[in-house]
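Take the given structure of chain D and dock chain Y to it, following the hints.
One letter stands for each residue in the lines below.
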Amino acid sequence: MTRAAPDGEALYATLRDAIAAHVANHRSLRLVGIHSGGAWIAARLQRDLGLEGDAGLLDISFYRDDFNRIGLHGQVKPTEIDFTVAGAEILLVDDVLYTGRTLRGALNVLFDFGRPARVDLAVLIDRQTPDGDARELPIAARWAGARLVLDRASEFVLSEKDGRFDVAIAASIRTGA
Amino acid sequence: MFNPQLDNAGRLRHLLSIDGLPRALILHILDTAAGFAGLVDPRREVKKLPLLRGRTVFNLFFENSTRTRTTFEIAAARLSADVINLNVSVSSTNKGESLLDTIDNLSAMHADIFVVRHAQSGAPYLIAKHLDRTPGSNIHVVNAGDGRHAHPTQGLLDAYTIRHYKKDFTQIRVAIVGDVLHSRVARSAIHALTTLGVPEVRVIGPRTLLPTGLEQMGVSVFTDMKKGLAGVDVVMMLRLQNERMNGALLPSAGEYFKSYGLTAEKLALAAPDAIVMHPGPMNRGVEIESSVADGSQSVILPQVTFGIAVRMAVMSILAGS
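Residue numbers (my numbering), protein chains in the order written: chain D, 1 to 177; chain Y, 1 to 321.
Chain D on its own, in the form it takes in the complex (with noise of 0.2 Å):
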C-alpha cells in the first residue's frame, strides 16, 4: 500500500490543540521527550504550551528489549530528567507509536528514576497496519496528531529543520519483529 507523507506541522498543530486543554488545568504537567524525534516534539510542545523549565529526555538504547540480538547502535544520548519522578504527573512524547516496544522500554528508564504519579501518551502519529495488528504490547497513546495505516515494509520518518517538522515515508530498516 503507497500513501502520501502526511504534513508534519499540520500533524503537529493537531496534537498541541489537542493537548492544551489538559495542559491548562494540569500546570505541573512534565513532558518527556523519546529520543530523538519525540525530543524535539516535546520541546517545542513545551515552549508552544507555555510550560516553565526544559522538557525531559529520555534515550532507551539501555532498555530495548532486542538489545540481546541487535546489541548497541550509535551513539546512546544521556536521559535528562531534571525534575523528581516520584509523585510527578508525567506526558511521555513520541514521534509515532507503532508496536509499542519503545514505550514498554521508555516506562522502564522512568520507573527506574522513581514511580509517578501516573504516565500518558502523546505522539505525532498513531500508526496501525492494513491488518490493524500493530500492536505487540497492550499501550495506547491519549493524544494522537493522527492515526494513520502504513504496510509494514514502511516507516514515518520524523525530521526537524528551522523549527519546523517534516514527516516522509521511508523503506523500513527493521529487521522484523
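The hints are simulated quantities; they were obtained by calculation from the structure and are not laboratory data. Just so it is clear, CB atoms sit at the ideal spot from N, CA and C, and this is done for glycine as well. Check the hints yourself; a few may be wrong.
Which stretches of chain Y does chain D cover? Using the computed rule of at least three CB atoms under 8 Å from a CB of chain D, they are [claimed, not checked]:
{"hint": "1", "region": "58 to 64"}
{"hint": "2", "region": "296 to 310"}
Within a straight-line C-alpha distance of at most 20 Å, the following computed SDA-like cross-link-like pairs (lysine to any residue) qualify [unchecked claim]:
{"hint": "3", "chain 1": "Y", "residue 1": "Lys167", "chain 2": "D", "residue 2": "Gln75"}
{"hint": "4", "chain 1": "Y", "residue 1": "Lys166", "chain 2": "Y", "residue 2": "Leu301"}
{"hint": "5", "chain 1": "Y", "residue 1": "Lys48", "chain 2": "D", "residue 2": "Gly71"}
Structure of chain Y alone, referenced to chain D:
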C-alpha cells in the same frame, strides 16, 4: 596473526588486546561508555541498567588485583549481571588442575563472560581460542591484564580520560613515563593512542626499562625526562614495578625518582594545562611526588571512575554481539 577478537561480521567477540582493534570500534566503545555517565545521576532511584540481566560474569583472577577486579565487579553489577569472583591463584591451580580444565568446569556452570587476569602473557588468548573451539560455547573473554602483554580496558580508560579532558586526539602530545619494559599498561595505551590518531606519543625512561623496537610502534623515545616532557598535553606515569624486577635494572628507587620521578618542577615543562595520569597503585616518592599526585592537574581518581563506564561499555557490547 590469529585475531579471535572479532567475529565474521567485524563485531567484538572477545577483548584481548587493543592491537588489531579498528579505530571505529574503539570509538564505539568510548561513545558507549560516555552514555553510561548518567547512571550516577542522583535522581535515579535504581542505579542499574538491565543490559546484562540474567547473564553471569566470572572474574577469573589468576593474579591478584583488587582495584581492577573491583571495577569489573561494579561494572557488571551496574549492568544487572550476576558476578562470581574467583581468586583462582589460591584454589584449583594449586591443586594441580590445568588452566583449560578450570575453564571447562566454569563453562559448564553457564558463564557468559570471563574476565581474565593472568601473570602469563597470552593466557586470555589461549582461553578464547579454546572456547571458540568448544562446540556450542558463546562465552566472551575480556583480558584484564596478561603478563607484560596487554591490559586493554586500562588502555581504553586512558583514552577515555584523555578524550574527556582534551577532546581531540589529533591535536595533542602525550608522554608515557617510566618502566615501559614491564608495562602492559604502556603497551595498550600506545596502541590505543596511535590508533586514535594522536600525532605524537613519547616514551620516557631509562634505557634499561625501555624495550627494544619501540620506534616501530610509532612512538618517539626519550631518556631525558626534561626534554621528553617539553610541551606535552598529557603525562601518563607508570608504576615502578618492583615485584617484576628480576635483575639489577636500576641503582635505587631514590636514584630513579631523581631522574624519572614526576615533580612539580618537571611538570612545569609540560603544557600549562597538561593532565597527569597514573594507572595505580602509585608509589609516592618513587615515580611521582605527592604534591603532583594530589595536585590540580592530576586526573588519577577520575581515571578510576571512568574505568567503570569503560568496562560497562566493553561488557555490554560483548553481550550484545
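Structure-based check of all given hints:
1. 58 to 64: violated (count 0)
2. 296 to 310: violated (count 0)
3. Y:Lys167 / D:Gln75: Satisfied, since the Cα-Cα distance of roughly 16 Å is no more than 20 Å.
4. Y:Lys166 / Y:Leu301: 17 Å, holds
5. Y:Lys48 / D:Gly71: 18 Å, holds
Checked against the numbered hints listed earlier, the structure breaks hints 1 and 2; every other hint is satisfied.
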